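2 protein chains.
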Amino acid sequence: MATRVAVDALGGDHAPGEILAGAVAAASETIAPVLFGRADLDPHGLELIACGDLIAMHEKPAEAVRAKPDSTLARAVRAVGDGEADAVVSAGNTGAMLAASLLHVRRLPGVLRPGIAIVIPGRRGPTVLIDAGANADARPEHLLQFAHMGTVFAQEMLDVRDPSVRLLSIGEEPEKGNQLTLDAHALLAQADGLRFEGNAEGRTLLDGDSDVVVCDGFTGNVALKTLEGTIRSVLEALRTEIRSSLTGRLGGLLVRPAARGLRSRLDPDTYGGGYLLGLKGLVVIAHGSSSHVAIANAIRMAARGVEHRLVERLAERLPSTRADSAE
Amino acid sequence: MATRVAVDALGGDHAPGEILAGAVAAASETIAPVLFGRADLDPHGLELIACGDLIAMHEKPAEAVRAKPDSTLARAVRAVGDGEADAVVSAGNTGAMLAASLLHVRRLPGVLRPGIAIVIPGRRGPTVLIDAGANADARPEHLLQFAHMGTVFAQEMLDVRDPSVRLLSIGEEPEKGNQLTLDAHALLAQADGLRFEGNAEGRTLLDGDSDVVVCDGFTGNVALKTLEGTIRSVLEALRTEIRSSLTGRLGGLLVRPAARGLRSRLDPDTYGGGYLLGLKGLVVIAHGSSSHVAIANAIRMAARGVEHRLVERLAERLPSTRADSAE
Numbered sequence: 001m002a003t004r005v006a007v008d009a010l011g012g013d014h015a016p017g018e019i020l021a022g023a024v025a026a027a028s029e030t031i032a033p034v035l036f037g038r039a040d041l042d043p044h045g046l047e048l049i050a051c052g053d054l055i056a057m058h059e060k061p062a063e064a065v066r067a068k069p070d071s072t073l074a075r076a077v078r079a080v081g082d083g084e085a086d087a088v089v090s091a092g093n094t095g096a097m098l099a100a101s102l103l104h105v106r107r108l109p110g111v112l113r114p115g116i117a118i119v120i121p122g123r124r125g126p127t128v129l130i131d132a133g134a135n136a137d138a139r140p141e142h143l144l145q146f147a148h149m150g151t152v153f154a155q156e157m158l159d160v161r162d163p164s165v166r167l168l169s170i171g172e173e174p175e176k177g178n179q180l181t182l183d184a185h186a187l188l189a190q191a192d193g194l195r196f197e198g199n200a201e202g203r204t205l206l207d208g209d210s211d212v213v214v215c216d217g218f219t220g221n222v223a224l225k226t227l228e229g230t231i232r233s234v235l236e237a238l239r240t241e242i243r244s245s246l247t248g249r250l251g252g253l254l255v256r257p258a259a260r261g262l263r264s265r266l267d268p269d270t271y272g273g274g275y276l277l278g279l280k281g282l283v284v285i286a287h288g289s290s291s292h293v294a295i296a297n298a299i300r301m302a303a304r305g306v307e308h309r310l311v312e313r314l315a316e317r318l319p320s321t322r323a324d325s326a327e
Numbered sequence: 001m002a003t004r005v006a007v008d009a010l011g012g013d014h015a016p017g018e019i020l021a022g023a024v025a026a027a028s029e030t031i032a033p034v035l036f037g038r039a040d041l042d043p044h045g046l047e048l049i050a051c052g053d054l055i056a057m058h059e060k061p062a063e064a065v066r067a068k069p070d071s072t073l074a075r076a077v078r079a080v081g082d083g084e085a086d087a088v089v090s091a092g093n094t095g096a097m098l099a100a101s102l103l104h105v106r107r108l109p110g111v112l113r114p115g116i117a118i119v120i121p122g123r124r125g126p127t128v129l130i131d132a133g134a135n136a137d138a139r140p141e142h143l144l145q146f147a148h149m150g151t152v153f154a155q156e157m158l159d160v161r162d163p164s165v166r167l168l169s170i171g172e173e174p175e176k177g178n179q180l181t182l183d184a185h186a187l188l189a190q191a192d193g194l195r196f197e198g199n200a201e202g203r204t205l206l207d208g209d210s211d212v213v214v215c216d217g218f219t220g221n222v223a224l225k226t227l228e229g230t231i232r233s234v235l236e237a238l239r240t241e242i243r244s245s246l247t248g249r250l251g252g253l254l255v256r257p258a259a260r261g262l263r264s265r266l267d268p269d270t271y272g273g274g275y276l277l278g279l280k281g282l283v284v285i286a287h288g289s290s291s292h293v294a295i296a297n298a299i300r301m302a303a304r305g306v307e308h309r310l311v312e313r314l315a316e317r318l319p320s321t322r323a324d325s326a327e
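So the protein lines, in turn, are chains A and B.
All residue numbers for the first sequence refer to this note's numbering, where the first residue is 1 and numbers rise by one.
All residue numbers for the second sequence refer to this note's numbering, where the first residue is 1 and numbers rise by one.
Hints are computed from structural coordinates only; laboratory data are not their basis.
Quantities reported herein were computed from a predicted structural model and do not represent experimental measurements.
Check the hints yourself; a few may be wrong.
For chains that are exact copies, the list does not tell them apart, and a pair is met inside one copy or across any two.
[What the hints assert, rightly or not] Dumping the calculated EDC-like pairs for lysine to aspartate or glutamate here, alpha-carbon to alpha-carbon at most 20 Å:
| no. | residue 1 | residue 2 |
| --- | --- | --- |
| 1 | K176 | E63 |
| 2 | K280 | E173 |
| 3 | K60 | E172 |
| 4 | K60 | E201 |
| 5 | K280 | D40 |
Just need the whole structure built from these sequences, with the hints factored in.
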């Protein structure tokens, strides 16, 4: 039977057009996207569940989820909780996705806090950054669990057999960091089942030297946005400089394929978005600006996660990680 | 009388050659660099204070400063504390510079914690990021003081008349952030004498939209290193892509001046390094990898700070900022 992926057709800046196009592109013999959208949406042959409401990007997450049970976002997430879908993808309100997921999909036993895993396309390979924003305030034992979650994610989703783990901090030496990272470093260094290799600095995030980089959600979100913003700024600034002279413009035409290649390699859409890990189902939060390519990738990655039994693998691993933590 | 800037001739990866060359380049009728180095250094006509020891990059800061009072770093810093120099520049061990400065230069009255200000060269102008790494753990009232310090720095060093201030967080809405930024936001919003414009996200750091961006030293250091590392990675990756084809290589020759222009605009050396603010003297911590250009810029910026009475301006402003803080 095909993997059923619930898709929030009204989530994201380019909904429903790009969402629908992405779902149609990802549909296959093994993947059955299920659209949650307005009754008048032409589903292009896909299954459509008609919903009466939508949650906008600016709405307050918890309130919106409570007040709008018939929204596409809430119903798509609930479909996973109810077992009607195997995974859910939405490019909608991130906070609302978190709130709806905690409410309807619920945490796996032993999980202290779910974390958002993001894949950074590095020079020597992808790096899983976790937590990229689910928990603005975190404790050391949360970071320990994120390390285990990131390890399972890298194994199942990125085919890394024995993932290396680093802790995002402000120096490579173990004594560099804030109180949270100092305490987390100690927990990680003595943890079983992790290949912990010490601290990583922000400057190496794009190098792809680590398979998993662990941090609290505030730091992870700042680092991720700084990374994405800097890539965009540098490429834009270069284009402006190049266009300011005639030889530059000519050269610009010749290097355009190279620049496109780089832009596409660094494109966050490649991996479809953020993966909310630690729940009893697979929840994918795509970029608000997702194109149909991003949505299709997110749906395929979600299906891969189901196929590789990502949630079951997390469920097997996480209860044991709680025992050795300083709750 | 010329401004006397103490220069640690043995600090940094390229000491003493690049340090000496930078000091010689910065020397003028109004700037008198004073070298702290080995007795056998040829000072090229500059004043040389012979020191018997040095602090290496990997040494533990506080211990090294205590154990090596005759090191170039400790003596150069002490020269400011003793009034023998007006400012100090070192590209050496950052932690040791912090420790020596707290010991020998000491805090201004009313200052809770000194902060490191770094200038980010943005698209629409420079942005002062403070704290870039002095305090890995900070409280909301520290961030309030950093906002005042950054404002004075932008006024005196960058000629911004009424600097705008933002708080680095994970969303523009006031309710986005961790406990520290939520509390700091409330303090900043009600502070007198600040043009506070709300939260900034990491993605806009290179845009130059804010004159001052405030954060704790851990977040600031992660953001700064992510920014610097990403600029380097993107430009390197683009070069690699361009060189992988013949047309690319030809185009690369034509866009080289543009790429150089951009690289030089984004060069952190332009502003000489980090400025440790909140002390009874001006302390400049240059990049470990500083070239003679960076050192010369750091010395000139330090002299400018003395000329503009930066320390006195901070001294006037900071005691009053403590009264309205939640000590």
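Going down the list of hints, with the structure as the test:
no.	hint	result
1	K176 to E63	between (40 Å within a copy, 15 Å between copies)
2	K280 to E173	neither (37 Å within a copy, 30 Å between copies)
3	K60 to E172	between (38 Å within a copy, 14 Å between copies)
4	K60 to E201	between (33 Å within a copy, 19 Å between copies)
5	K280 to D40	neither (32 Å within a copy, 70 Å between copies)
Of the hints listed earlier, those the structure fails to meet are numbers 2 and 5, in rising order.
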